[in-house]
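*Asks:* Chains as they are written, first to last, in UniProt numbering: chain A, 1 to 583; chain B, 1 to 202.
A few of these clues could be false.
If we take Cβ atoms under 7 Å as the criterion, some of the chain A residues that face chain B in the derived model are [claimed, not checked]:
| # | residue |
| --- | --- |
| 1 | VAL22 |
| 2 | ILE41 |
| 3 | SER222 |
| 4 | MET578 |
Computed cross-link-like contacts, DSS-like style, restricted to lysine-lysine with a CA-CA straight-line distance of at most 30 Å [to be verified]:
| # | chain 1 | residue 1 | chain 2 | residue 2 |
| --- | --- | --- | --- | --- |
| 5 | A | LYS24 | B | LYS38 |
| 6 | B | LYS44 | A | LYS32 |
| 7 | A | LYS405 | A | LYS441 |
| 8 | A | LYS554 | B | LYS112 |
| 9 | B | LYS100 | A | LYS572 |
| 10 | B | LYS112 | A | LYS110 |
| 11 | A | LYS110 | B | LYS22 |
| 12 | A | LYS265 | B | LYS58 |
Under 10 Å between C-beta atoms, here's a sample of chain A residues computed to sit facing chain B [what the hints assert, rightly or not]:
| # | residue |
| --- | --- |
| 13 | GLY123 |
| 14 | ARG204 |
| 15 | GLU205 |
| 16 | VAL248 |
| 17 | GLU249 |
| 18 | VAL326 |
| 19 | LEU406 |
| 20 | LEU511 |
| 21 | LEU524 |
| 22 | LYS572 |
Think of the hints as simulated: they come from the structure by calculation, not from any bench.
None of the values given here were measured: they were computed from a predicted structure.
Note that CB positions come from ideal geometry on N, CA and C, so glycine has one too.
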Amino acid sequence: MATRYGIQLAVHLISSHFGDLVAKVCECLLRKGTLTLRDIIRFTELSAQQVKNCLLVLIQHNCVQAFSTVEDGGLSESRIITQYMVIFNNIIHRMRFSKFIMIVSQEFDKECEELLEGLLQHGRLTLAQLLDRANTDKPEGKIPVVHLGGDRSRIHVRVLKSGFHRASCGLLCLSGNSFLMIGLSLTIKFVQFVECCPAQDALRESFNRLVNAHYVERCPASEPLLELKTDEAPSRRGAKSAKIARVVETTEQRALKAAAPMEAKRFLVVTNTGSDIHGKNTVDMPSNEITGEKQMKDEYMQLDGALGGAVCEKEVVWRANFEEFVLRLKQKVCVASIRAQYDDGAGVVLSAMLEATRGTERKIRGETSGPLSLNAIFEEVMKTEEGRTMTLEHVRSSLNQIGCKLDTAGPDQSYSIDLKNIIDTAQRDEVELIVLKRYGKEAFRMFRLLSRTRCLAETNKISDTALVDKKEAAKILYKLWQDDNVHMVRPTATSTSDKDLCLWTVNKDTLWKHVLDQMYHGALNLSLRTLYELEQEREILQLPREKRIGELGKRYERLRRVRILMESSLMKLDDSIMLFNDF
Amino acid sequence: MAFRGRGRGRGFGRGRGFTFAKEEPFILFPDITLPDIKNVEEDKTLVIWNSRLQSFWKSSLYYLEETTSTKNESADIERYSDRGKPKSKSRRDPLSDILKMTPDLFPLELIKGSKMGQHRKVRWNPQSDAQKLDVTFEKFQKRDEKEGMGQGEDEEEEENEVEEAEEEFSDDGDYNQNVDFDDDEDDFNMDNEIDRDEEAIY
Numbered sequence: 001m002a003t004r005y006g007i008q009l010a011v012h013l014i015s016s017h018f019g020d021l022v023a024k025v026c027e028c029l030l031r032k033g034t035l036t037l038r039d040i041i042r043f044t045e046l047s048a049q050q051v052k053n054c055l056l057v058l059i060q061h062n063c064v065q066a067f068s069t070v071e072d073g074g075l076s077e078s079r080i081i082t083q084y085m086v087i088f089n090n091i092i093h094r095m096r097f098s099k100f101i102m103i104v105s106q107e108f109d110k111e112c113e114e115l116l117e118g119l120l121q122h123g124r125l126t127l128a129q130l131l132d133r134a135n136t137d138k139p140e141g142k143i144p145v146v147h148l149g150g151d152r153s154r155i156h157v158r159v160l161k162s163g164f165h166r167a168s169c170g171l172l173c174l175s176g177n178s179f180l181m182i183g184l185s186l187t188i189k190f191v192q193f194v195e196c197c198p199a200q201d202a203l204r205e206s207f208n209r210l211v212n213a214h215y216v217e218r219c220p221a222s223e224p225l226l227e228l229k230t231d232e233a234p235s236r237r238g239a240k241s242a243k244i245a246r247v248v249e250t251t252e253q254r255a256l257k258a259a260a261p262m263e264a265k266r267f268l269v270v271t272n273t274g275s276d277i278h279g280k281n282t283v284d285m286p287s288n289e290i291t292g293e294k295q296m297k298d299e300y301m302q303l304d305g306a307l308g309g310a311v312c313e314k315e316v317v318w319r320a321n322f323e324e325f326v327l328r329l330k331q332k333v334c335v336a337s338i339r340a341q342y343d344d345g346a347g348v349v350l351s352a353m354l355e356a357t358r359g360t361e362r363k364i365r366g367e368t369s370g371p372l373s374l375n376a377i378f379e380e381v382m383k384t385e386e387g388r389t390m391t392l393e394h395v396r397s398s399l400n401q402i403g404c405k406l407d408t409a410g411p412d413q414s415y416s417i418d419l420k421n422i423i424d425t426a427q428r429d430e431v432e433l434i435v436l437k438r439y440g441k442e443a444f445r446m447f448r449l450l451s452r453t454r455c456l457a458e459t460n461k462i463s464d465t466a467l468v469d470k471k472e473a474a475k476i477l478y479k480l481w482q483d484d485n486v487h488m489v490r491p492t493a494t495s496t497s498d499k500d501l502c503l504w505t506v507n508k509d510t511l512w513k514h515v516l517d518q519m520y521h522g523a524l525n526l527s528l529r530t531l532y533e534l535e536q537e538r539e540i541l542q543l544p545r546e547k548r549i550g551e552l553g554k555r556y557e558r559l560r561r562v563r564i565l566m567e568s569s570l571m572k573l574d575d576s577i578m579l580f581n582d583f
Numbered sequence: 001m002a003f004r005g006r007g008r009g010r011g012f013g014r015g016r017g018f019t020f021a022k023e024e025p026f027i028l029f030p031d032i033t034l035p036d037i038k039n040v041e042e043d044k045t046l047v048i049w050n051s052r053l054q055s056f057w058k059s060s061l062y063y064l065e066e067t068t069s070t071k072n073e074s075a076d077i078e079r080y081s082d083r084g085k086p087k088s089k090s091r092r093d094p095l096s097d098i099l100k101m102t103p104d105l106f107p108l109e110l111i112k113g114s115k116m117g118q119h120r121k122v123r124w125n126p127q128s129d130a131q132k133l134d135v136t137f138e139k140f141q142k143r144d145e146k147e148g149m150g151q152g153e154d155e156e157e158e159e160n161e162v163e164e165a166e167e168e169f170s171d172d173g174d175y176n177q178n179v180d181f182d183d184d185e186d187d188f189n190m191d192n193e194i195d196r197d198e199e200a201i202y
C-alpha cells in the first residue's frame, strides 16, 4: 500500500542504494503512476539516456515492470506503446534483505547464503554469472593446505564452521593445531592458503536447493503485451450479487500477471547436458505439478520454441522470490503469536503443521494451512526437539486450543488452520498497544471496546462500560478522533437534548492504513537519523584502527553503539510494517 | 517598476497590524522522549548484512551519479587544492558490463543502440578497488564479536581480511594518480610538448 510516507521511504531507500538520479525517476513513477518513457523524461527533466539508465537499474532490481499496450491511433494505425509501472512492495522489501539472508543461513549452508546474497546485490543473474561470481577472489575461495610436521604430504582442509575443520580425506581435526588420524597424532607445521575454485557441482547443488525451496525463481517477462480490455456488458442487469463478487483488476495487476512465468516453469532448472530435469526438482515438487520428466521437457521446449530455440540453462535469469521469504516470515510471526497467546506446545504444533504443508501454500493472503491428518501432524511434531516429549493427546488438545478446523469428511480426520485470524489478532493487539502507550490505560480500554464491538456507540455508554469518568471519556475520545484513531458520527439532532450526542466507532480499514503510514514515517525518520549520525562522524570511520584512541576511540564506540541500536530498532519496526502491509 | 528594490513595499510596513510569522530556529532532529534502550533487542548479524549490502550498492555500477562533461567545464587553471575534490568523471563501469542488453530481459526502447555483449570481465566486488569504510567497520565488528565468543581460528582469518582491506586502502598520494595525469593533453603547455619532441635522441 503506497501511502504518503510510504512513498517517501521508498524514494529514500532507492536514493541511498542507487543514487539521486534513479530516485528521481522512481519518485516520478510513484507519484504519477504508470508512465511511458517520454512522459518520464518530461516530468523528471532528465536526459533521455539518464532516464533509460535509471529504468534499466530499476528493472534489473525488480522495482519496475514494463509492459506494452496497443494504443488506438484513431484515423492512423494503432501502435504499441511501452509503459513502466513501479512495484512499491519490492522497493520496501529492500529494507529487509538481511532478514531474507538470515532465513537461508538458518536453513542451508554458507554457499546458499552467498548465492542468495549475490542475487540480492545484483537483482537478477544467470546461473553462469552466479558461478562466475562465486569463483572470483573471495576469502572463502581459498582453502588452507595444511603441511603436517615431519611429513610433506598435503591434506586439504575445508573450513566449515568456526572452531572445527574436517579434511576432505576424512580426518577428524580438533580445534587449534592438533589433528587425529587413525590413532596417530600429528601437529600442523604451517598452513598455506591456496587459490581454489569452489566445486562447480557443489554450487549447482546449492543453487538447486534454493530453487527447490522456492527461494529463487525465474524472472518475469520483460515486456508482456496486454490485450485491450473491452467494457464487459453485464449479462443480467441489476444482478447486484454478481457485481459485488466481481473483483476489478487494475492494469498494473494485469501486467504483473501477464509478466509472471507459468507456474510449471517458475522453479524449473533444466540441465545443459540434454538430460532431463534434475531428479530432486521432480521429487520435491507437489504432485499436481509433476507431469513426468519427458512431458515437462516437451512443454518447456514448446514454450521456448517461439523464442528461437531452446534457452540454455545458463541464459535463464533468476531472482530472489520475495513471496516465499514473506511467507516464511509470516509463518514465524504466526507461531510467535500463538506461543505468546497460549503456550510453547501450541507453538510447536503450529510450526510442525506449517512445515509439513510447505510447498503447497502459494498465496499469502487469506490462505489456510493444511489440511493435514492428526498422524501426519504428530509425525512432524516428533521431528522437532521440543515436540519429542509430546503425546498424541497433547497435540490434539493443542490443535483444538489454537482453533484448528476439523474436517471429518475424508477417511481420516484432517485439521487446517486459518492464518488470517491469527494475523488479524496480531494486528489488533499491535494497534491497541500503540494506543496504550500513547494515550494511557483509559484510552486503551475505550479503544479496545470500540475495536471489538465494531458498532457505533454513544459516549456515555462507552464511559460506563469502560469504567471511565464521563468528562474524561469525552476528552479522550476527542483526542483519539483528532489523531484519526476513531471515527465520529454526529446524528442530526431532533431535539435540544440530543445536541451533544456523539457516536463513535473504529473504522478498521482507514485506521490500519493510518497506522501503517505512521510506521513508514517512523522508519523513514530512523533511516535519516542513522544516515545523519554516520555522516557526522565520517572522519572517525576513515581513521585506521590504531589512531582511534582516547577521545576518538570513545566517539567511535558511541557511533558503533548508535548504529547497532538504530538499525536493530529499524528491523523491529519493519516487523510491524510487514504485519500490516505484507501478511 | 514600483516593486523593484528590496523587501519593503506597500502593505508590509510596521504598525499596520500585518506581521510576519514568528521565526523559530530550525532544528533538524528535535528532542523527543525515547524508550529505554535496554528494551531494544540488538541484532548485530542483521546490521552487518545490511551494512555489507549498502556498501556494495554504493560502490557498484548500479549507483548512478550525475556526471558533467569535462568539455563543458570552464578552462580554469588546475590548482593544487583541487586534488582532494571529487572528480567529475565517474570511475564506475558502464551498465552494459553486467546487464545483458537483450530484448528478453529489457524493453526494446531502453536497449536500442547499446552494446549487446559483455566485453570485459565483470568486477563482482567493486569494493576491492575502492576505500572500504563500512566493510572495515563491519570486519571490526565481527572481530570484536568473535573475540568475545572465543573463536580463535575465524578471528585469524578475519584479521587477514582486515589487513588486506587496510593494505588496499593506501593513500600513496601522487603515485596512484598516474591515471589522471595526462602528459599528452596539456592544453596550456603545448610549447613544452613541441620541445620534448625536438629533444635529441641518443
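*Asks:* Work down the list of hints and note, for each, if the structure agrees.
*Replies:* Results for each hint:
1. VAL22: Holds, because the Cβ-Cβ distance from VAL22/A to chain B comes to roughly 6 Å (cut-off 7 Å).
2. ILE41: 11 Å, violated
3. SER222: 5 Å, holds
4. MET578: Nearest chain B Cβ about 14 Å off; hint violated.
5. LYS24/A x LYS38/B: At roughly 39 Å apart (the allowed maximum being 30 Å), LYS38/B and LYS24/A break the hint.
6. LYS44/B x LYS32/A: With Cα atoms ~38 Å apart, LYS44/B and LYS32/A exceed 30 Å; violated.
7. LYS405/A x LYS441/A: 35 Å, violated
8. LYS554/A x LYS112/B: Roughly 54 Å separates the two Cα atoms, so the pair is violated.
9. LYS100/B x LYS572/A: 37 Å, violated
10. LYS112/B x LYS110/A: 40 Å, violated
11. LYS110/A x LYS22/B: 59 Å, violated
12. LYS265/A x LYS58/B: Violated, because 34 Å separates the two Cα atoms, which is more than 30 Å.
13. GLY123: 8 Å, holds
14. ARG204: 18 Å, violated
15. GLU205: Hint violated; GLU205/A Cβ to chain B Cβ min 21 Å, cut 10 Å.
16. VAL248: 27 Å, violated
17. GLU249: 22 Å, violated
18. VAL326: At 16 Å from the nearest chain B Cβ, VAL326/A fails the 10 Å test, so the hint is violated.
19. LEU406: 37 Å, violated
20. LEU511: 23 Å, violated
21. LEU524: With a closest approach of 13 Å, the LEU524/A hint is violated.
22. LYS572: At 7 Å from the nearest chain B Cβ, LYS572/A passes the 10 Å test, so the hint holds.
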